[in-house]
Each structure stands twice: as structure tokens, then as C-alpha cells.
Amino acid sequence: MSKALCCYAFESLLNKLDSNTNKIPLSKYYSYFKEDPEKTPSSAPLFITWNKNDSLRGCIGTFSKLSIESGVSRFSLTSALQDPRFPPIRLSEIESLEVSVTLLDNFVAIEDQNDWKIGLNGLKISFEVEGGHYSGTFLPSVAEEEGWDKLTTLYYLLKKADYPVSKSSVSKFYEKGLDEGWLKLIKYDGLKSKLSYQEFDHIRSQI
1 MSKALCCYAF
11 ESLLNKLDSN
21 TNKIPLSKYY
31 SYFKEDPEKT
41 PSSAPLFITW
51 NKNDSLRGCI
61 GTFSKLSIES
71 GVSRFSLTSA
81 LQDPRFPPIR
91 LSEIESLEVS
101 VTLLDNFVAI
111 EDQNDWKIGL
121 NGLKISFEVE
131 GGHYSGTFLP
141 SVAEEEGWDK
151 LTTLYYLLKK
161 ADYPVSKSSV
171 SKFYEKGLDE
181 GWLKLIKYDG
191 LKSKLSYQEF
201 DHIRSQI
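When the count follows UniProt numbering, it moves up by one through the sequence shown with no breaks and lands on 207 for the last residue.
One thing to keep in mind: the hints can contain errors.
[What the hints assert, rightly or not] Derived lysine-lysine pairs resembling DSS-like cross-links, with alpha carbons at most 25 Å apart:
1. K160 with K172
2. K159 with K187
3. K65 with K3
Note that these hints are calculated values from the structure, not bench results.
Construct all of the structure, not just a fragment, from the sequences and the given hints.
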């Protein structure tokens, strides 16, 4: 995938947190890496993930198609500053960060809860039970990075959707929901690239 997009995510955050910086355009990073922007989709659903010392520090994205340049810039800030699970990232933390940019594609509704591959497919769930609406997603890399099997992934997907269920009843819950049609489970692909601040800082100094 594109290292230039990762640099641009860092560039957008740095420019927001440090008013003394001038924002380097994405085109400069494309040129540095000799990446052809024509080979990157002009628009796509995307997620930006920030990690600090190998721990999640923020992750927000959208399933709507956005312009890649404006989408990366926008959600690099949203995920860094507005993830309700974490306090906003501060400038003093930036040197400890790693960013991942994931572009999403090939959304397919599945009727079998096991019709997906760990490390390849992300999952998105949505359903309504007793008047409550529940939804959640895991990017393609999550299950593999966490060392989860499929059942464990499906269990934590329900927990992420904030729906209480015991692990022993997970399979039957999905089977019932998919069979009766009130549960939607979608698999999707993701193109992911990641970059540390140290790599970004070195590249930025060369431009």
C-alpha cells in the first residue's frame, strides 16, 4: 500500500498540533516514494489507526467513500483527537506514535459466520434486538494481530457492538440472526500500510 498516505496522516496531525509547521502536500510524499497516485483509488472508505508503544491510541474511519487526500487528512485528526475511548493525542506524544492507514474494498454480505479469512477480511456487523440497534467492525488485521480464532473474533465483535452475550452462545446467536435475516454480517478487504514517527521524521527532513 501507500507509505505516502501514512506520511500525510502524520503531516496532518503534526500541522494541527504544532502551529509553527508548514503542511507538506501529499504530492511531495508521492514523489519521494516514487508512488504513482493513479494506482491508489481516488476515493475509498478508510480507517486511520494510531498506536503508541504497541498499544491502541485511537482508531476512527468511515465506510463512506471519501477523497483519499481529504479523507486521510480529516480522519487522521478525528482518530487522534476525537476517539471517545482516549484523551486527545498531545504533541508531546507524537514521537511515540505509529500510524496505520487502511483503505477498504470488496464489501460482501455473508450468510455463513465462518465465510471469511483471518488476516484477509475485516468484519462489519449490524442488527436490532428489542428496539436497540447494535453495530461494530474489526479491520482485517485485528484478529491476526490479537491471535484470535474465528469464534473469538465473532465474540469480541459482539462485545465491541456493546451487545452482551456469553462466548458459549456466540455461534447459535449468529446462526439464528443470519438464518432469520435480522443480523447483517459483511466481510471486506483492506489495503494497509503503517509507519512510525521516526520513519516519518526522517522522510520529512529529506523533502
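Hint numbers not upheld by this structure, sorted from lowest to highest: none
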